[in-house]
Each structure stands twice: as structure tokens, then as C-alpha cells.
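Just add 1284 to the spot in the sequence shown (first one is 1) and you have my numbering.
Quick caveat, the hints were computed from the structure, so don't treat them as lab data. Wrong hints could be hidden among the right ones.
Within a straight-line C-alpha distance of at most 30 Å, the following computed DSS-like cross-link-like pairs (lysine-lysine) qualify [said to hold, decoys possible]:
no. : residue 1 : residue 2
1   : K1291     : K1344
2   : K1420     : K1330
3   : K1307     : K1374
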Amino acid sequence: MAKAGSKYAVPAGTLKATTINWKKGKLIHRIHSTAFTETQYNPSPKSNARFSPIRDVAGKIIPVLYGGSTMDCALMETVFRDVPYAPGLKNIDKARLLDQAHSIVVAKADLSLIDLSNVALRKLGIDRTHLIDTTKAHYPDTRKWAEALYQQVPVCQGLRWISRQDDSAEALILFANRISPGVLGVVQPAASLLVHSFAALPVAQLARRIGAKLTGRI
1285 MAKAGSKYAV
1295 PAGTLKATTI
1305 NWKKGKLIHR
1315 IHSTAFTETQ
1325 YNPSPKSNAR
1335 FSPIRDVAGK
1345 IIPVLYGGST
1355 MDCALMETVF
1365 RDVPYAPGLK
1375 NIDKARLLDQ
1385 AHSIVVAKAD
1395 LSLIDLSNVA
1405 LRKLGIDRTH
1415 LIDTTKAHYP
1425 DTRKWAEALY
1435 QQVPVCQGLR
1445 WISRQDDSAE
1455 ALILFANRIS
1465 PGVLGVVQPA
1475 ASLLVHSFAA
1485 LPVAQLARRI
1495 GAKLTGRI
């Protein structure tokens, strides 16, 4: 955990956050375990992601839902996130895609999200390098930022940023207890990344674009 005064540490006092609307009708692409439904939030305290798990002031875990503005973004933020920046063909074991699905949901109302883009980060007081572009080693620090923002900005329903893995798209995380049931609607039901062709084909196409090949048998 970062020490007080570190560039990774949450500063004392009130954070100067900026909110932005994820507009009604805007799609959210999700890559998620087939154990979850399209609009089901993850309540696990054992995950290890950039902005989850986090807790409220009472210490209770906040269930969350991750997504992206495009399928490529959602794939790059999940199953392809660890593909190295390296020349030559990179092999990706199909086992990585096992029990993973793509679904599309839609916001049926405007969602108020904290903006973590570069302009807003200047007011917040931390640069992208220390919040969005960190390695997993700093996830405990980035989760502290998410937790502080959640606790200090009660109107926020999630966080939004330019994806680290696909900088042509937006990534977001939503907080379950601040979004009313029914606000997220299913546009495309969950489709297996290995079984359903309309999900598997974009996966294979993206793999080629990043210089990778899916290998192995399932």
C-alpha cells in the first residue's frame, strides 16, 4: 500500500471529482463468466481488479459490473489483457476463453459516472500513470481511490475512463447499490466466446490484430 504523500496515495481532504453521464441508450459490452447473467453484479471480495473489490463506510463489499463501449475494449480489458507487447506470433491458449461470454446491455437511463479521463484527473490530483496505467502491483492503491470516490461522491453510480488496453474506447465500472433494478437492459444475451460464431469470430479477428493465435483444444 502506498505511503501518505506518495503519488499513488489518496490525498487527505475532499476529492475534487468530475461527473459525466453515460447517456440513456448507450450500449455496454461485457465479457464475463458464464456463471453470471448479463446484468448481474459481481459481489466477490476475492477479485483482484483495478477498481474492485471496494467497500462502503460500513465495510460492506460493493458488488460491481465492468464493461466497455465496444466489444474489442471489453475483450482487451479481460481475456486479452495480459497479451505482451512483443514482436512475433503470440500463442493464446483457448482455455483462457473457457466459460467466458460476451453480452451487450443498454443503459435505460442516464448514469452518473466519475470521469477519470486526463482532463478530469488534473482536478482530481492524480495522473493517468498512477491510476489507470499502473501494473497489478498497484491495484491495492487504485482500489483505495475507487473506494474514496465511491464514499465521497454519493451521486456517482460508477467510474468511467479511457481504456488502458484499448485507447480508442471507454471502460466503466458500475456500483450495484446505486443503480435501480431494471436500469440495465439486455440487448444481446450472453454468447460463449468459443461456441457462438457471432462472438467467436470477433475474438479471432481481434487476436489476429494483436499478433496472436488461439491454440489448444477445449
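Verification of the hints:
1. K1291 to K1344: 27 Å, holds
2. K1420 to K1330: Given pair K1420, K1330 holds - Cα atoms ~15 Å apart, limit 30 Å.
3. K1307 to K1374: 37 Å, violated
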